[in-house]
Amino acid sequence: DIQMTQSPSTLSASVGDRVTISCRASQSIGTSLAWYQQKAGKGPNLLIYKASSLESGVPSRFSGSGSGTEFTLTISSLQPDDFATYYCHQYSDYSRTFGQGTTVEIK
Amino acid sequence: EVQLVESGGGLVQPGGSLRLSCVASGFSFSGFGMNWVRQAPGKGLEWVSYINNDSTLKYNAKPMKGRFTISRDNTKNSLYLQMNSLRAEDTAVYYCVRETFSAYFDSWGQGVLVTVSS
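Same order as they appear, the protein sequences are chains A and B. Under the numbering used here, the first residue of the first sequence is numbered 1, with each subsequent residue one higher. Under the numbering used here, the first residue of the second sequence is numbered 1, with each subsequent residue one higher.
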């Protein structure tokens, strides 16, 4: 199975900061990568698909990049609503694995 | 609006069984592959099982093989997960998730809690 490794596990940041979260695949997945945001007690919400495509309705401060094994989620200017946990997800093969998550906390 | 509503969770003893259900609305259910994804308390997301739109293709994650069975009834817009031989480590919130034609997940239910404990 393809393993997904996210870093960092926790990130402390302030409103207005530029935030970057990394995700690495154990083998090449092309651009078959999505990013989700999850808030406490809720199901995840799709942000990015196909590594860099912004889901409809998601603010443009979110962006994704990368291909192959290295991927990045960037929040250009962190807003109060963005404090949450973020997961990457590969859908290149049937195992559909997730990264372990990155929690963005208030600094 | 896409809606996925899970039910059937609860407390079950180790070795017991439980059947989760998910009722879908707001889209053509028979046209989409569906998944179950779970999240243990305080932990990350773990994919559990997949079924394609006409039930001809099914996949399970390795820890669930032989114990969990995914199924669907397109006439009832419903997805199911039959869980047998449950273990303490199966304790989690279970989400019903729609899969797009490109295989990423675009809609999630609110989740249902399964607790395996004596």
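A portion of the hints provided could be inaccurate.
Here are a few chain A residues that sit away from chain B, every Cβ distance over 10 Å (derived from the structure) [what the hints assert, rightly or not]:
| # | residue |
| --- | --- |
| 1 | 10 |
| 2 | 15 |
| 3 | 18 |
| 4 | 46 |
| 5 | 54 |
| 6 | 78 |
| 7 | 80 |
| 8 | 81 |
| 9 | 106 |
| 10 | 107 |
No farther apart than 20 Å at their CA atoms in a straight line, the calculated lysine to aspartate or glutamate pairs in the EDC-like style are these [as the list claims (entries may be wrong)]:
| # | chain 1 | residue 1 | chain 2 | residue 2 |
| --- | --- | --- | --- | --- |
| 11 | A | 39 | B | 54 |
| 12 | B | 62 | B | 46 |
| 13 | B | 62 | A | 70 |
| 14 | B | 65 | A | 1 |
| 15 | B | 58 | B | 1 |
| 16 | B | 65 | B | 89 |
| 17 | A | 42 | B | 1 |
| 18 | B | 43 | A | 55 |
| 19 | A | 50 | A | 93 |
| 20 | A | 39 | A | 81 |
| 21 | B | 58 | A | 1 |
| 22 | B | 62 | B | 106 |
| 23 | A | 42 | B | 73 |
| 24 | A | 39 | A | 82 |
| 25 | A | 107 | A | 17 |
| 26 | B | 62 | A | 105 |
| 27 | B | 58 | B | 73 |
| 28 | A | 39 | A | 55 |
| 29 | A | 39 | A | 93 |
| 30 | B | 65 | A | 55 |
| 31 | A | 42 | A | 105 |
| 32 | A | 42 | A | 55 |
| 33 | A | 107 | A | 81 |
| 34 | A | 42 | B | 46 |
| 35 | A | 50 | A | 81 |
| 36 | A | 107 | A | 82 |
| 37 | B | 43 | B | 89 |
| 38 | B | 43 | B | 54 |
| 39 | A | 39 | B | 46 |
| 40 | A | 50 | B | 89 |
FYI, nobody ran anything at the bench for these hints, they're computed from the structure. Where a beta carbon is used, it is the ideal one built from N, C-alpha and C, also for glycine.
How the hints compare with the structure:
1. 10: The claim holds: residue 10(A) sits with its nearest Cβ about 13 Å from chain B, beyond 10 Å.
2. 15: The claim stands: residue 15(A) keeps its Cβ more than 10 Å from every Cβ of chain B (closest is about 26 Å).
3. 18: holds (24 Å)
4. 46: violated (5 Å)
5. 54: Per Cβ check, residue 54(A) is outside 10 Å of chain B; nearest 13 Å; holds.
6. 78: holds (22 Å)
7. 80: holds (23 Å)
8. 81: Answer for residue 81(A): holds, closest chain B Cβ roughly 18 Å.
9. 106: holds (19 Å)
10. 107: holds (22 Å)
11. 39(A) / 54(B): violated (33 Å)
12. 62(B) / 46(B): Distance of about 11 Å is within 20 Å: holds.
13. 62(B) / 70(A): Roughly 25 Å separates the two Cα atoms, so the pair is violated.
14. 65(B) / 1(A): holds (14 Å)
15. 58(B) / 1(B): The hint is violated at about 27 Å.
16. 65(B) / 89(B): holds (14 Å)
17. 42(A) / 1(B): holds (17 Å)
18. 43(B) / 55(A): violated (25 Å)
19. 50(A) / 93(A): holds (14 Å)
20. 39(A) / 81(A): holds (10 Å)
21. 58(B) / 1(A): With a Cα-Cα distance of about 16 Å, the restraint between residue 58(B) and residue 1(A) holds, given a limit of 20 Å.
22. 62(B) / 106(B): violated (24 Å)
23. 42(A) / 73(B): Roughly 26 Å separates the two Cα atoms, so the pair is violated.
24. 39(A) / 82(A): holds (9 Å)
25. 107(A) / 17(A): holds (10 Å)
26. 62(B) / 105(A): Judged against 20 Å, a Cα distance of about 33 Å means the pair is violated.
27. 58(B) / 73(B): holds (14 Å)
28. 39(A) / 55(A): holds (17 Å)
29. 39(A) / 93(A): Violated, at roughly 27 Å.
30. 65(B) / 55(A): Given pair residue 65(B), residue 55(A) is violated - Cα atoms ~33 Å apart, limit 20 Å.
31. 42(A) / 105(A): With Cα atoms ~17 Å apart, residue 42(A) and residue 105(A) stay inside 20 Å; holds.
32. 42(A) / 55(A): Roughly 18 Å separates the two Cα atoms, so the pair holds.
33. 107(A) / 81(A): Cα-Cα ~14 Å, so holds.
34. 42(A) / 46(B): holds (15 Å)
35. 50(A) / 81(A): violated (24 Å)
36. 107(A) / 82(A): holds (13 Å)
37. 43(B) / 89(B): holds (12 Å)
38. 43(B) / 54(B): Not OK: residue 43(B) and residue 54(B) at ~32 Å, beyond 20 Å, violated.
39. 39(A) / 46(B): holds (16 Å)
40. 50(A) / 89(B): violated (32 Å)
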